[in-house]
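With the hints as extra help, turn the sequences into a complete structure.
2 protein chains.
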Amino acid sequence: MLPLDCRLVADLRIGVIGGGQLARMMQEAALPLGLQLRLLAEGPQTSAALAVPHAAVGDFADADAVTAFARDVDVLTFDHEHVPTGLLHALQDAGVAVRPGPDALVHAQDKAVMRRAMAELDAPNPRWRVVADADALVAFGEETGWPVIAKTSRGGYDGKGVWRIDGPDAAATPFAALAGPQGPTEAQREADAGVVILAEEFIDFARELSVLVARRPGGEAVVYPVSETVQRDGICHETTTPAPGLPPQRAAELQRLALRIAEALGVVGILAVELMERRDGTVVVNELAMRPHNTGHWSIEGAVTSQFENHLRAVADLPLGSPAPVAPVVVMSNVLGGTNDDLLGTLPAVLADPGTRVHLYGKAVKPGRKVGHVTVCGDDVATTRDAARAASALLEGASDG
Amino acid sequence: MLPLDCRLVADLRIGVIGGGQLARMMQEAALPLGLQLRLLAEGPQTSAALAVPHAAVGDFADADAVTAFARDVDVLTFDHEHVPTGLLHALQDAGVAVRPGPDALVHAQDKAVMRRAMAELDAPNPRWRVVADADALVAFGEETGWPVIAKTSRGGYDGKGVWRIDGPDAAATPFAALAGPQGPTEAQREADAGVVILAEEFIDFARELSVLVARRPGGEAVVYPVSETVQRDGICHETTTPAPGLPPQRAAELQRLALRIAEALGVVGILAVELMERRDGTVVVNELAMRPHNTGHWSIEGAVTSQFENHLRAVADLPLGSPAPVAPVVVMSNVLGGTNDDLLGTLPAVLADPGTRVHLYGKAVKPGRKVGHVTVCGDDVATTRDAARAASALLEGASDG
Numbered sequence: 003m004l005p006l007d008c009r010l011v012a013d014l015r016i017g018v019i020g021g022g023q024l025a026r027m028m029q030e031a032a033l034p035l036g037l038q039l040r041l042l043a044e045g046p047q048t049s050a051a052l053a054v055p056h057a058a059v060g061d062f063a064d065a066d067a068v069t070a071f072a073r074d075v076d077v078l079t080f081d082h083e084h085v086p087t088g089l090l091h092a093l094q095d096a097g098v099a100v101r102p103g104p105d106a107l108v109h110a111q112d113k114a115v116m117r118r119a120m121a122e123l124d125a126p127n128p129r130w131r132v133v134a135d136a137d138a139l140v141a142f143g144e145e146t147g148w149p150v151i152a153k154t155s156r157g158g159y160d161g162k163g164v165w166r167i168d169g170p171d172a173a174a175t176p177f178a179a180l181a182g183p184q185g186p187t188e189a190q191r192e193a194d195a196g197v198v199i200l201a202e203e204f205i206d207f208a209r210e211l212s213v214l215v216a217r218r219p220g221g222e223a224v225v226y227p228v229s230e231t232v233q234r235d236g237i238c239h240e241t242t243t244p245a246p247g248l249p250p251q252r253a254a255e256l257q258r259l260a261l262r263i264a265e266a267l268g269v270v271g272i273l274a275v276e277l278m279e280r281r282d283g284t285v286v287v288n289e290l291a292m293r294p295h296n297t298g299h300w301s302i303e304g305a306v307t308s309q310f311e312n313h314l315r316a317v318a319d320l321p322l323g324s325p326a327p328v329a330p331v332v333v334m335s336n337v338l339g340g341t342n343d344d345l346l347g348t349l350p351a352v353l354a355d356p357g358t359r360v361h362l363y364g365k366a367v368k369p370g371r372k373v374g375h376v377t378v379c380g381d382d383v384a385t386t387r388d389a390a391r392a393a394s395a396l397l398e399g400a401s402d403g
Numbered sequence: 003m004l005p006l007d008c009r010l011v012a013d014l015r016i017g018v019i020g021g022g023q024l025a026r027m028m029q030e031a032a033l034p035l036g037l038q039l040r041l042l043a044e045g046p047q048t049s050a051a052l053a054v055p056h057a058a059v060g061d062f063a064d065a066d067a068v069t070a071f072a073r074d075v076d077v078l079t080f081d082h083e084h085v086p087t088g089l090l091h092a093l094q095d096a097g098v099a100v101r102p103g104p105d106a107l108v109h110a111q112d113k114a115v116m117r118r119a120m121a122e123l124d125a126p127n128p129r130w131r132v133v134a135d136a137d138a139l140v141a142f143g144e145e146t147g148w149p150v151i152a153k154t155s156r157g158g159y160d161g162k163g164v165w166r167i168d169g170p171d172a173a174a175t176p177f178a179a180l181a182g183p184q185g186p187t188e189a190q191r192e193a194d195a196g197v198v199i200l201a202e203e204f205i206d207f208a209r210e211l212s213v214l215v216a217r218r219p220g221g222e223a224v225v226y227p228v229s230e231t232v233q234r235d236g237i238c239h240e241t242t243t244p245a246p247g248l249p250p251q252r253a254a255e256l257q258r259l260a261l262r263i264a265e266a267l268g269v270v271g272i273l274a275v276e277l278m279e280r281r282d283g284t285v286v287v288n289e290l291a292m293r294p295h296n297t298g299h300w301s302i303e304g305a306v307t308s309q310f311e312n313h314l315r316a317v318a319d320l321p322l323g324s325p326a327p328v329a330p331v332v333v334m335s336n337v338l339g340g341t342n343d344d345l346l347g348t349l350p351a352v353l354a355d356p357g358t359r360v361h362l363y364g365k366a367v368k369p370g371r372k373v374g375h376v377t378v379c380g381d382d383v384a385t386t387r388d389a390a391r392a393a394s395a396l397l398e399g400a401s402d403g
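Residue numbers (the numbering used here), protein chains in the order written: chain P, 3 to 403; chain C, 3 to 403.
Among the hints, a few may not be true.
What the hints assert, rightly or not - Taking CB as the label site, the calculated pair distances span:
1) G268(C) with R258(P): 54 to 62 Å
2) T175(C) with G220(P): 55 to 63 Å
3) K368(C) with G283(P): 58 to 66 Å
4) R262(P) with A400(C): 36 to 44 Å
5) D381(C) with A254(P): 54 to 62 Å
6) T385(C) with P369(P): 48 to 56 Å
7) G370(C) with G220(P): 31 to 39 Å
8) V328(C) with A121(P): 40 to 48 Å
9) A351(P) with A384(C): 54 to 62 Å
10) A351(P) with G97(C): 21 to 29 Å
Since the hints were made in silico from the structure, they are not lab data. Given the structure is predicted, the values throughout are model-derived calculations rather than measurements. We put the CB at the ideal spot given by N, CA and C, even for glycine.
Shown next, in the form of structure tokens:
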């Protein structure tokens, strides 16, 4: 026991719901600041549970488990957006500091709510409509032209719960899925009640962009440079920061848009605004996330202050650190589970490039699962991308051919 | 439990003996690489024990405790150099990968052994002699001129076990201390047997410098830029990297010297070579350390690869990362326990400068104790130092006056 006249600095307890790699990387940012992370993880062997001494196991949708967890922390934040909004409201009403709060977070949880908010903010939306059945979806497609995108309003992630509907014949598909099994637990299935299908105009985008904001409760906010992001099968695959070829004035406009959304929605912590850029340079908002985001992993080495540290600073109501980049170009490449199941055995080959920064999440390799990422800071896009791609290919087990 | 067809990458277990802030910062470096740190800490509330899920408590000088700990790790390394050399030899003989090995580490444990090795290497020593008693110390002082420095060959750290002897009258002091109580436990006292007094010429140095090398078992090594270090009362207080005003050719010579020492002694992991620079620019070796070192903390933000990560890479026999600096000047300022016992409460003021990087060790504040450090990367020495000093002064609780 410590003497009574001593005081630990680790006495601000930040509770994180969810034990994935985002929580793990929050722990990497919490340790230097002397902040104590506590975890409510899905299991004892999740990515973050292997890294955080204070890790409890419990279902994020179980009101009893979450309420008990919240009792022993000073502020509650998230590794994912799946905690039921109603539960978060109840916690907030009981005096728990929930950051981001449920009124903000619902815009990352429910795409229909998000679309309505973007419309009210005059932020760029695709044409969209909540559709009650296949007929309504067909009507939307006939109006806007095929294909259209259909999405579940809640519960989708990494490409799940999203369909490209090429014509009337496929219009029943999303509603069939909606009627099928939802979340893996009873509590999650209850939370999924109220899910609707959202129809959106198909945007034949030239590329995707992402802008990250960190915002404190009082409104102080910083914005990161705009990243170009490449998705494959709905999963973030690569980011390049700053987005190549984006005129500075356009970048500044997008940064202002992200700041405006963060302010209007009252976000606390990281807000990621995912955008689709058309060939003419105009954009539409694709999705919002309110937690550290895959498109911001580059900031760990590439910015003065990482998104993980600024998320923690924001939720702990501490001044935010500089989001300025530290290199002319930063490329992040995700490592997905592939043919190589011995990531550690591949480290010698990957680390042979002394400028390659490797992040492994301590997760078992399964096909397509995010198991790590690599980051390279450089002076030009082409060579920096080559280095990052080579490293992630090695870790994934790509053949030499 | 994980399915059998899955494999965790965290299956290289690095055992660290000692649970101080160096082990804590190793954990910060281990997590991104997916390496699993296991700790043998002095207590459950030490800096690193608060940060590492796999933390055992035990006495680092207790053969049974250390041997049991070593059984469950793949490689053994250190937060400090106090593990008895004989115990490390026994572990190595039993097949444990001890890195650095005892034959190297003894040069960081025993200053008399180190002086002999530097002499054999033709590395710059001050004049020195092992002195058996006060009369021998007086004779050394009469030959070299007063004052002289007297040191215990083993067990000293942070200014403890070092005396400036101004003349014959004070020559008995170090021998009296040698006869007094030594380490806090029986095992440590046994380990202290064989301690002798080393007399060294007093070097009226202009400044102190430090050079860090990371070296793998096979000999691959990288060297960091030379740092200027400022000590107060024997404790590292501030470093500036690269050392201001050091001609590039001199810096390169010192880097070659450090690499030569690392190679000759067979160091694995980080070697810190502390140097005293005379007014004419010549240097003498002051001390060696074989673990991440306070004079290398700047590298966490200031270099492509931190000393902590390169220490782990070296002991895990992975390729080393680039030690190249990422800014023109990097200043690290230690935070010592002062009048402020609420470090967290001071964070808002300190973090108000968005470029200040804060590291708190989770330790209770006691006067003079190392409880954290701050790092600022900048473009010129004066403003960067000012920012770092202002931040550490705030954390220490310096008055405004």
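Going through the hints against the structure:
no.	hint	result
1	G268(C) with R258(P): 54 to 62 Å	holds, 58 Å
2	T175(C) with G220(P): 55 to 63 Å	holds, 57 Å
3	K368(C) with G283(P): 58 to 66 Å	holds, 59 Å
4	R262(P) with A400(C): 36 to 44 Å	holds, 40 Å
5	D381(C) with A254(P): 54 to 62 Å	violated, 24 Å
6	T385(C) with P369(P): 48 to 56 Å	holds, 52 Å
7	G370(C) with G220(P): 31 to 39 Å	holds, 36 Å
8	V328(C) with A121(P): 40 to 48 Å	holds, 43 Å
9	A351(P) with A384(C): 54 to 62 Å	violated, 44 Å
10	A351(P) with G97(C): 21 to 29 Å	holds, 27 Å
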